[in-house]
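Q: Each chain, letter by letter, is given below.
Number of protein chains: 4
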Amino acid sequence: MAKIHFDTDYMSGAHPKVMERLMETNFDQTPGYGTDTYTAEAKELILEACGTPDARVFFLVGGTQTNSTVIDGVLARHEGVLCAESGHINVHESGAIEATGHKVLILPSYEGKVAAEDVSRYIEIFYSDETYEHMVAPGMLYISFPTEYGTIYSLKELQDISDVCHKAGIPLFIDGARLGYGLAADGGDVTLKDIARLSDVFYIGGTKVGALFGEAVVVTDPNLLKNFTPLVKQHGALLAKGRLLGVQFGALFTDGLYDTISKDCVGKAMRVRNIFTEKGYKVEVDSPTNQQFFRLPNDVIDRLKEDVSFELWGPRGETETVVRFVTGWTTTDNDIDTLESILNQKS
Amino acid sequence: MAKIHFDTDYMSGAHPKVMERLMETNFDQTPGYGTDTYTAEAKELILEACGTPDARVFFLVGGTQTNSTVIDGVLARHEGVLCAESGHINVHESGAIEATGHKVLILPSYEGKVAAEDVSRYIEIFYSDETYEHMVAPGMLYISFPTEYGTIYSLKELQDISDVCHKAGIPLFIDGARLGYGLAADGGDVTLKDIARLSDVFYIGGTKVGALFGEAVVVTDPNLLKNFTPLVKQHGALLAKGRLLGVQFGALFTDGLYDTISKDCVGKAMRVRNIFTEKGYKVEVDSPTNQQFFRLPNDVIDRLKEDVSFELWGPRGETETVVRFVTGWTTTDNDIDTLESILNQKS
Amino acid sequence: MAKIHFDTDYMSGAHPKVMERLMETNFDQTPGYGTDTYTAEAKELILEACGTPDARVFFLVGGTQTNSTVIDGVLARHEGVLCAESGHINVHESGAIEATGHKVLILPSYEGKVAAEDVSRYIEIFYSDETYEHMVAPGMLYISFPTEYGTIYSLKELQDISDVCHKAGIPLFIDGARLGYGLAADGGDVTLKDIARLSDVFYIGGTKVGALFGEAVVVTDPNLLKNFTPLVKQHGALLAKGRLLGVQFGALFTDGLYDTISKDCVGKAMRVRNIFTEKGYKVEVDSPTNQQFFRLPNDVIDRLKEDVSFELWGPRGETETVVRFVTGWTTTDNDIDTLESILNQKS
Amino acid sequence: MAKIHFDTDYMSGAHPKVMERLMETNFDQTPGYGTDTYTAEAKELILEACGTPDARVFFLVGGTQTNSTVIDGVLARHEGVLCAESGHINVHESGAIEATGHKVLILPSYEGKVAAEDVSRYIEIFYSDETYEHMVAPGMLYISFPTEYGTIYSLKELQDISDVCHKAGIPLFIDGARLGYGLAADGGDVTLKDIARLSDVFYIGGTKVGALFGEAVVVTDPNLLKNFTPLVKQHGALLAKGRLLGVQFGALFTDGLYDTISKDCVGKAMRVRNIFTEKGYKVEVDSPTNQQFFRLPNDVIDRLKEDVSFELWGPRGETETVVRFVTGWTTTDNDIDTLESILNQKS
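Residue numbers (numbering that gives the first Met the number 0), protein chains in the order written: chain A, 0 to 346; chain B, 0 to 346; chain C, 0 to 346; chain D, 0 to 346.
These are computed hints drawn from the structure, not numbers from a lab. For each residue, glycine too, the CB sits at the ideal point set by N, CA and C. The reader is advised that the hints may include incorrect statements.
[What the hints assert, rightly or not] Simulated coverage check for chain D against chain B, where a stretch passes if three residues somewhere in it have a Cβ under 8 Å from a Cβ of chain B:
no., stretch
1, 69-79
2, 87-94
3, 132-146
[What the hints assert, rightly or not] Straight-line Cα separation of at most 25 Å, SDA-like style, residue types lysine to any residue; simulated pairs:
no., chain 1, residue 1, chain 2, residue 2
4, C, Lys304, D, Tyr32
5, C, Lys281, A, Asp128
6, C, Lys304, A, Ile124
7, D, Lys2, C, Lys2
8, C, Lys304, D, Asp27
9, C, Lys2, D, Asp27
10, D, Lys225, A, Ile124
11, D, Lys262, C, Pro30
12, A, Lys2, A, Thr320
13, D, Lys304, C, Phe26
14, C, Lys2, D, Thr34
15, B, Lys304, D, Lys304
16, B, Lys262, B, Ala48
17, C, Lys225, B, Glu123
18, B, Lys225, C, Tyr126
19, C, Lys304, D, Thr259
20, B, Lys225, C, His165
21, A, Lys304, C, Glu129
22, B, Lys225, C, Glu132
23, B, Lys281, D, Asp128
24, D, Lys225, A, Ser127
25, C, Lys16, C, Ile3
26, A, Lys2, B, Arg20
27, C, Lys155, C, Asp193
28, A, Lys16, B, Pro15
29, D, Lys166, D, Asp220
30, D, Lys304, C, Lys304
31, B, Lys262, B, Arg20
[Unchecked claim] Restraint ranges, calculated between C-beta atoms of paired labels, are given here:
no., chain 1, residue 1, chain 2, residue 2, range
32, D, Lys225, A, Lys155, 29 to 39 Å
33, B, Asn222, A, Asn297, 52 to 62 Å
34, C, Glu47, B, Glu84, 48 to 58 Å
35, D, Glu40, C, Ser308, 19 to 29 Å
36, B, Thr331, D, Gly316, 54 to 64 Å
My request is simple: use the sequences and hints to build the entire structure.
A: Now the structure itself:
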């Protein structure tokens, strides 16, 4: 029996409807670097979905690239970016932000989330310090939605964070590498329009939500990133065959495919969660999205690993360890049935 | 009648055989970031073709990205990269090299090529200057093969350049964004094995030779780029679904597809060239590869533009202007027949 | 009555013997950028004092500049620098390290010090993480001696830290902006020769120990910073009239002036400490060097401030606040007598 | 007989009046980092001399440092700095500008000067190129006054350059490392007030005009460099004992000392020039400032070198070589008499 996989949501190619569009358009000849009509159409679809007709959209290839390009473009040279200690840019991007010359300024992380009060307090303390010019000024706030722990902000929390940022005059940037799953979260009350309204720049992740690759940056603040294209090029993030991004996002934003994929994955993740909790295993983080974290006995982990692939979350503990199970667009109900029967046998 | 296109070689998607492999493997689930078996197999195929079993291969997404990541990884902080004045990194990468902190050091360009003697002289004069520590040390040489003008080095020229570099102790880096066309050049005597043997690091361009995207970096010097993967990640160049690069390069290096595409395009470019020269137009640069440069009267350009798309090469002159015609894997014999008949009508 | 000052140790010009040498040599004409004989002589004096005849010495102007230049020169592009959370490079250098592209990697701070076990654990956990290539590799360790809290490492602690670094193959860099005070510390057992023997690169602070400005970088590891002069120039740290640094350090390392200044200041700091503790005030950090930290009631602070200048250490508390008193080469016994009588009146 | 020196203008310490003020104020205790009253007073004196009461003044330590800090602060991430090919930032700063991530964009050099028309043409051609977003945008203009060849702009030339810059919306930055000599130039018609009026940011060099070190940056455009102090700190350019700069510039701008030194040196340089031209030697560059360039036979050079030190300007020629003679504040009339008699003997 082949193993079933819950390692992550970027283990396969693209959703069949995305591949179909790539095949249909494969022989078309278009100008490069995203100046084609597929790209223009995809931008329109995205702006419509966001309810921000005047915003600007840029397509980049991957998440780390998008984070470093946006942050480099927003910050002044003496500024850094506020971020939860657990934030992807602080932990898992090989220093991409610092490589552009900017410090990542650490905020406490509450299961991956930052608190509006902490942002507010950081800024207040910073400017009340007489030596603040010898420290790195907070120039923007980075949050992820959903976070690296699969958690999401409520609309109220997001509104508060947005208010704090705008009161302090610093832009709010939302990393939406898994945005779809956050919007489709079980019990969530945040919409794409809310994200667009409350942030100054954010992106809609394609790589982890059904595309081969690609992230759609939406800049809602007209004063930000005014010369973004040369910076995208400078960061090596301007795809020659840019229309590949337009075609893919065009497919994802046609007939609600992006939402459908997201909801389906979250639904499957809820099934995975139930299977584990019904067996009495502890949920480590209360995640309403497609990433689920459980604390399992090491012997159960070892037996499961024979037939199922998934990641340990952090170092292996003495008797039990936190593991992550992720659903993606290729996860089938049959996979989850199999997982359930394996778990019944092995735990 | 639809326009025919000779703008560039990245106007379509991927060669059908590449797309076919992407479709076949689309539902497979593999680990991310190039740790999959498709990628491992593609690396083996490339090393075999290069005749360098001990070299290392890394897959990146695009050319500018590859240039800046490689150069940033090779140079020490106080060093710059030698480059023809016309070199892509000096002209058309939005300052991507400087953005990593390194100066591009200019050498004379002879239709895009550098001369071994100029490299040698630069280094000699540099170190004979008493204030050389106040100047940027030449830390590597960048050349493109073929060049931005479609020209190529002969094996003798390449050998001389390689000798000069190695005598001076500086690595030779070859930008092979269009490498296939250089190897398939009309009258060329350089093979892939020569490229691998004479350089210290080079890349095999996929984006412009039949792939959707992708560049295969081959590091032949075991002392270079020892910790390259974190640097690739830092540069935002590590594709999450890395296997997409493995699958594509696997297809390109199976049954000689890469060579076949390249030879076919060069052959078609030679037809284009003949059509123009037979009509009495002047070849601006003597290019044996898939880019052809002609000097055309402005009125001919204007009439051609009605039915054919192509690029002006530099600013429009008073009465005549240099233009570029490029063939790609989608260029058909029929396109060229059409071009010929249009030219017959319009000139 | 003029205020007496305990704000910091860089409030005056240079020690009279340093000024005397600057005056004596003022009309001499020497070549620039530290290629003069005063500089050569000062280097010899320093190497002799360090017991490292084969080490190399470079003179830079200030501390932040020295930290960023050394760290930029030591680290590879994918590496960061380990540092106590309270370290100067992490807190008070306006992001100078990040501006060179490198992340500051945080270790726990124990009154400004790092623990050898924490360094060891960080490195071990880092390389045991499967995704370590997506994180910033620890490429060197930065410690300060004395620390920002005036504390010092014992010889045993320093030896352990050095052992951990060398076992892991990462250089140990000691920020000695106040090195003299650390070596002259009350109860300390570390000598300059120990510093030179146990570290790979360190610097001897002049700015805060009697010079107008200047830091003497000593590189004991022959494989480090092989092309340091161009990097110093690139960082804007190569003084045109470089002999000013040679003359000053020549004076400081003649007849033990550097030690004399340091011991005198530490002795005076111990007097300050006694004055406060005898009045029953709490010592906040047990510092054996020229910086002393006390927790004082706010009303005492306010009254003292009328006649004495000193810094609050961190934000003002509700009823009491930590303050810092620093002695420098201009602090006189009379100043301390005055402080004592003021404190008697005002507390 | 001791050699006489014409190597450069930074061979000695500081002008006696500057040293006197440093000695007088040596024991004063002031707050650090330029927040003292000496610095405030010096700023006032400079602003008065510039006729720009609302401009801002910042003191940095050296020229390369000042260039890289100002340019880094002015440019957006995608921009580069226009500069004559011979400009100091392009040639002799070890890549300090590129190290901050910015390309130096080359203009033709006319004995060190740029032409307004070339600036205008560069900008026009740049924005008329369809691929301009793939190239580095000209974000400011750097010129030096006097230039590296000792030449100066006329008021008309400077006005034209300023007009071109302001029409194009790019700031004009003047490197005034030797500003005094330019203002005192033989036949020059540019005043300090003109410099302040026509540029957006410039600096008044101290290092080469009588100070131990120090450059006074004057920012006349209120929209530029709004958060400059943290950037100065980040660049390692914020002197702890900042008052040393205030004291020195205070002395230089009291009773016209800066002008007096400059005029005296230029006068002496004119004497040097006459001595050589009267002997029939060729002036290589027609410089009206304190740097003089002659083309001398190699055998004359060799004989002169026995008693006089000076620099070869570029590589030694086959039979004759260009040499540079520089006067500084320590150059005496007696030195020049000696030079004359040596030249009479040896040529």
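Q: Next, verify each hint and record whether it holds.
A: Checked hints:
no. : hint                                : in the structure
1   : 69-79                               : holds (count 3)
2   : 87-94                               : holds (count 5)
3   : 132-146                             : holds (count 4)
4   : Lys304(C) <-> Tyr32(D)              : holds (21 Å)
5   : Lys281(C) <-> Asp128(A)             : holds (24 Å)
6   : Lys304(C) <-> Ile124(A)             : holds (23 Å)
7   : Lys2(D) <-> Lys2(C)                 : violated (50 Å)
8   : Lys304(C) <-> Asp27(D)              : holds (19 Å)
9   : Lys2(C) <-> Asp27(D)                : holds (12 Å)
10  : Lys225(D) <-> Ile124(A)             : holds (21 Å)
11  : Lys262(D) <-> Pro30(C)              : holds (24 Å)
12  : Lys2(A) <-> Thr320(A)               : holds (21 Å)
13  : Lys304(D) <-> Phe26(C)              : holds (21 Å)
14  : Lys2(C) <-> Thr34(D)                : holds (17 Å)
15  : Lys304(B) <-> Lys304(D)             : violated (67 Å)
16  : Lys262(B) <-> Ala48(B)              : holds (16 Å)
17  : Lys225(C) <-> Glu123(B)             : holds (20 Å)
18  : Lys225(B) <-> Tyr126(C)             : holds (16 Å)
19  : Lys304(C) <-> Thr259(D)             : violated (44 Å)
20  : Lys225(B) <-> His165(C)             : holds (20 Å)
21  : Lys304(A) <-> Glu129(C)             : holds (16 Å)
22  : Lys225(B) <-> Glu132(C)             : holds (12 Å)
23  : Lys281(B) <-> Asp128(D)             : holds (24 Å)
24  : Lys225(D) <-> Ser127(A)             : holds (19 Å)
25  : Lys16(C) <-> Ile3(C)                : holds (23 Å)
26  : Lys2(A) <-> Arg20(B)                : holds (22 Å)
27  : Lys155(C) <-> Asp193(C)             : holds (11 Å)
28  : Lys16(A) <-> Pro15(B)               : holds (18 Å)
29  : Lys166(D) <-> Asp220(D)             : holds (15 Å)
30  : Lys304(D) <-> Lys304(C)             : violated (62 Å)
31  : Lys262(B) <-> Arg20(B)              : holds (22 Å)
32  : Lys225(D) <-> Lys155(A): 29 to 39 Å : holds (35 Å)
33  : Asn222(B) <-> Asn297(A): 52 to 62 Å : violated (41 Å)
34  : Glu47(C) <-> Glu84(B): 48 to 58 Å   : holds (51 Å)
35  : Glu40(D) <-> Ser308(C): 19 to 29 Å  : holds (20 Å)
36  : Thr331(B) <-> Gly316(D): 54 to 64 Å : holds (60 Å)
Violated hints, listed in ascending order, are 7, 15, 19, 30 and 33; each of the other numbered hints is respected by the structure.
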